[in-house]
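J.: Protein chains in written order, with our numbering: chain F, 27 to 225; chain P, 27 to 225.
Honestly, the hints are just simulated from the structure, not real lab data.
There could be a bad hint or two in this list.
For chains that are exact copies, the list does not tell them apart, and a pair is met inside one copy or across any two.
What the hints assert, rightly or not - Calculated cross-link-like contacts (lysine to aspartate or glutamate; reagent style DMTMM-like; alpha-carbon spacing at most 25 Å): (1) K210 x D78; (2) K200 x E214; (3) K167 x D196; (4) K210 x E176.
Treat the numbers as computed from the prediction; the structure is a model and nothing was measured.
Protein chains: 2
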Amino acid sequence: MSNIQSNPEQPTHALFQIRWSPRAFDASKDVSAEHLVSCLEAARWAPSCFGDQPWRFVVCHRSVDEVAWQRLLACLTPKNQEWAKNAPVLMMICANTVFAHNQAPNRWAEYDAGQAAVSFCLQATALGLVTHQMGGFDADKVHADLGVPENVTPMAALALGYQGDAESLDDGFKAIEQAPRARKPLAEIAFMGQWVAAD
Amino acid sequence: MSNIQSNPEQPTHALFQIRWSPRAFDASKDVSAEHLVSCLEAARWAPSCFGDQPWRFVVCHRSVDEVAWQRLLACLTPKNQEWAKNAPVLMMICANTVFAHNQAPNRWAEYDAGQAAVSFCLQATALGLVTHQMGGFDADKVHADLGVPENVTPMAALALGYQGDAESLDDGFKAIEQAPRARKPLAEIAFMGQWVAAD
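The following block holds chain F by itself, in its conformation from the complex (with noise of 0.2 Å):
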């Protein structure tokens, strides 16, 4: 047993590195509803425990019904709104604490909400967009506001739009903007044959 090493002669698809979470958002470049819709199909395809497909999404496209994207961005932290209200559409991404076959609790619920939330990222990353997934929000607020029901947990916020200028932003999260993306190395994540204490 060992830990694994990064293989930097083995890169992955283009559409993992060129994926990432940006804050600066073209408020002035619209998605298309056809764009949108790819999104959420990539989404709807993510596999699922017993095939439930428990996620759920409430989208708010701006240029569709401001009233509704106004009151998702409202449920967002005030610092997540500060540079959200740049982009074109807000999502929630929910997920069905519940099973449909047999109504008991299921234990992949959030789980599988997450493939179906990167899909939809990795399809916008296709498509030329940007997305950034929150946790900053206020979750009675969405369920009062939003009319998401109990059962369904929300997870998290998604911004989806075309990419602005990190100039744009405040020093504050310019900083972060133009920082390397990073992450921890392959050997503290990832173990050959069984768990390897990281300290």
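With chain F's structure known, arrange chain P on it following the hints.
T.: Chain P only, in chain F's frame:
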């Protein structure tokens, strides 16, 4: 507000169309170490809340460590073992449920592990490999036999390899293998502006 309809004129990237979860694996074709690392790299670059990267993988490559591979196989339900025994790589996908920066519970741990998992699967698809995730395993046995700590939740087992011949499966599995892929209509999972009760 309204439900959202699929638009067959707006297909997704091929990766989402090609990815699926077969049960027929070709036991005679091994997965290269390079391909395995590429899949793990795609998972590694998934997005996560606070950049915590809560995904953890225990990877069992039969040709590298037969004992470890058998140990993971034995954690699966007998029904899953019937077909997963032909996959050259078996893996446990886990979620670290505690944030590294403050040791608080991470409510996105499972969601983010799902994001990493499907990234792994899509990269495998890009390399001509197939994957099949399983919820049917003995989590207590995974903790005990693979050494997964208590604060890390085993979420899914995954089989990785090359697709085999559906004719090699028993009749029950073969029928499932040859059935057309299906998903809920988009209108049941995506709502414009506000939640729309499905029924």
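J.: Does each hint fit the structure? Answer for all of them.
T.: Do the hints match the structure? See the list:
1. K210 x D78: between (32 Å within a copy, 9 Å between copies)
2. K200 x E214: neither (29 Å within a copy, 39 Å between copies)
3. K167 x D196: neither (27 Å within a copy, 50 Å between copies)
4. K210 x E176: between (36 Å within a copy, 21 Å between copies)
Hints 2, 3 from the earlier list are contradicted by this structure; the remaining hints agree with it.
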